[in-house]
Amino acid sequence: MRPNLILHVVAKFVIPLIILFALYVQFHGDFGPGGGFQAGVIFSVALILYALVFGLEPAEKIIPSNWLHKLAALGVVIYAGVGVASLLLGGNYLDYTFLGSNQVAGQHLGILLVELGVGITVASVMLILFFAFAGRARK
Amino acid sequence: MIDIVINVTLLAFLAITAVAALRLTNLFAIVMLFGIFSLLSAGLFVVMDAPDVAFTEAAVGAGISTVLMLATLALVKRPQKPYYAEAPRTHTPWLPLIVVIITGSALVYGTWDIPGFGAPGAPAQTHVARDYIDNALQETGVPNVVTAVLASYRGFDTLGEVVVVYTAGVAVLLLIGGRRSKAAARTKDKEKPDEA
Chain S
206 MRPNLILHVV
216 AKFVIPLIIL
226 FALYVQFHGD
236 FGPGGGFQAG
246 VIFSVALILY
256 ALVFGLEPAE
266 KIIPSNWLHK
276 LAALGVVIYA
286 GVGVASLLLG
296 GNYLDYTFLG
306 SNQVAGQHLG
316 ILLVELGVGI
326 TVASVMLILF
336 FAFAGRARK
Chain B
8 MIDIVINVTL
18 LAFLAITAVA
28 ALRLTNLFAI
38 VMLFGIFSLL
48 SAGLFVVMDA
58 PDVAFTEAAV
68 GAGISTVLML
78 ATLALVKRPQ
88 KPYYAEAPRT
98 HTPWLPLIVV
108 IITGSALVYG
118 TWDIPGFGAP
128 GAPAQTHVAR
138 DYIDNALQET
148 GVPNVVTAVL
158 ASYRGFDTLG
168 EVVVVYTAGV
178 AVLLLIGGRR
188 SKAAARTKDK
198 EKPDEA
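Top to bottom, those sequences are chains S and B.
Under this note's numbering, the residues of the first sequence are numbered 206 to 344, in order.
Under this note's numbering, the residues of the second sequence are numbered 8 to 203, in order.
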């Protein structure tokens, strides 16, 4: 690929900001707009931008695709696991009240964990989709 | 007043973008128009005070989908020629036109009974939404009601959505993701020996 200096410099400047914004949207979703879905997409966009500017191989070195497969499953496991945990602690499935010392603390912890699971799954599935399509074009 | 101006402008641009996407034959330009369409929709959602939805539409519709469609375009690698120029005309345009006009006027007639946007007496406002707005902060301690509904009250629903996303990823991996098996690659190379 022909190196493009302006794209490289701008991407290197923008990618950390995108990742920071994704983390903000992820963990600030309780208070402002956003949540796991949006944060996952934004996080994956940072890596897709890296792949578009610097090429597919360097991007796949950052997160190998077999890791992505496991992460996509891990997010679903976290979400469903919160439900099982609340079941074991004496509540209904996905009733977060029993996760904490009181109702508000339990709900807060449950929502945070569930959103984390959503974010991990969405981010890794988006990257899986992109790498699948873009990797196919390379062959 | 300013809301009406913004709404009319955004909706006019939406209509123009949709018609342009229909009329164009260059797939690259159409993908770009889809991205613009999503961005305009996100603007409309912001005007309607739904920043969470606008956020999703801008990130997914205008961002990721455009990139994925461009990747698909790079995969197929040929400009789509309009196929309808060669297709024989088997029908007159009058019957479809009449059907569309009747259906459209029925739909417009149906909107007359819909309560106005944000009307306090609308069923959407009086049923369960009021309960969420009144109690979500005390019950969950989360100021953003959308997050409280999405992750706590409707936790089952969101679990299903996450499983759907995961299933989509698995399906794409099964269809085009993994390595091509050697037998399949060989037969494909045998079929088209001149294509490298």
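Careful: at least some of the hints might be erroneous.
[Stated by the list, open to error] Once the Cα atoms are required to be at most 20 Å apart in a straight line, the calculated SDA-like pairs of lysine to any residue come out as:
id: 1; chain 1: S; residue 1: K275; chain 2: B; residue 2: G184
id: 2; chain 1: S; residue 1: K275; chain 2: B; residue 2: L182
id: 3; chain 1: S; residue 1: K275; chain 2: B; residue 2: A19
id: 4; chain 1: S; residue 1: K275; chain 2: B; residue 2: V177
id: 5; chain 1: S; residue 1: K275; chain 2: B; residue 2: L114
id: 6; chain 1: S; residue 1: K266; chain 2: B; residue 2: L182
id: 7; chain 1: S; residue 1: K275; chain 2: B; residue 2: S45
[Claimed, not checked] Taking beta-carbon pairs under 7 Å as the criterion, some of the chain B residues facing chain S (in silico):
id: 8; residue: F62
id: 9; residue: G68
id: 10; residue: A69
id: 11; residue: I71
id: 12; residue: T79
id: 13; residue: L82
id: 14; residue: V179
Think of the hints as simulated: they come from the structure by calculation, not from any bench.
Because the structure is a prediction, the values reported are computed rather than measured.
Built from N, CA and C at the ideal position, the CB exists for glycine as well.
Do the hints match the structure? See the list:
no.: 1; hint: S:K275 x B:G184; verdict: holds (15 Å)
no.: 2; hint: S:K275 x B:L182; verdict: holds (18 Å)
no.: 3; hint: S:K275 x B:A19; verdict: violated (45 Å)
no.: 4; hint: S:K275 x B:V177; verdict: holds (11 Å)
no.: 5; hint: S:K275 x B:L114; verdict: violated (47 Å)
no.: 6; hint: S:K266 x B:L182; verdict: violated (23 Å)
no.: 7; hint: S:K275 x B:S45; verdict: violated (31 Å)
no.: 8; hint: F62; verdict: holds (5 Å)
no.: 9; hint: G68; verdict: violated (10 Å)
no.: 10; hint: A69; verdict: violated (11 Å)
no.: 11; hint: I71; verdict: holds (6 Å)
no.: 12; hint: T79; verdict: holds (6 Å)
no.: 13; hint: L82; verdict: holds (5 Å)
no.: 14; hint: V179; verdict: holds (5 Å)
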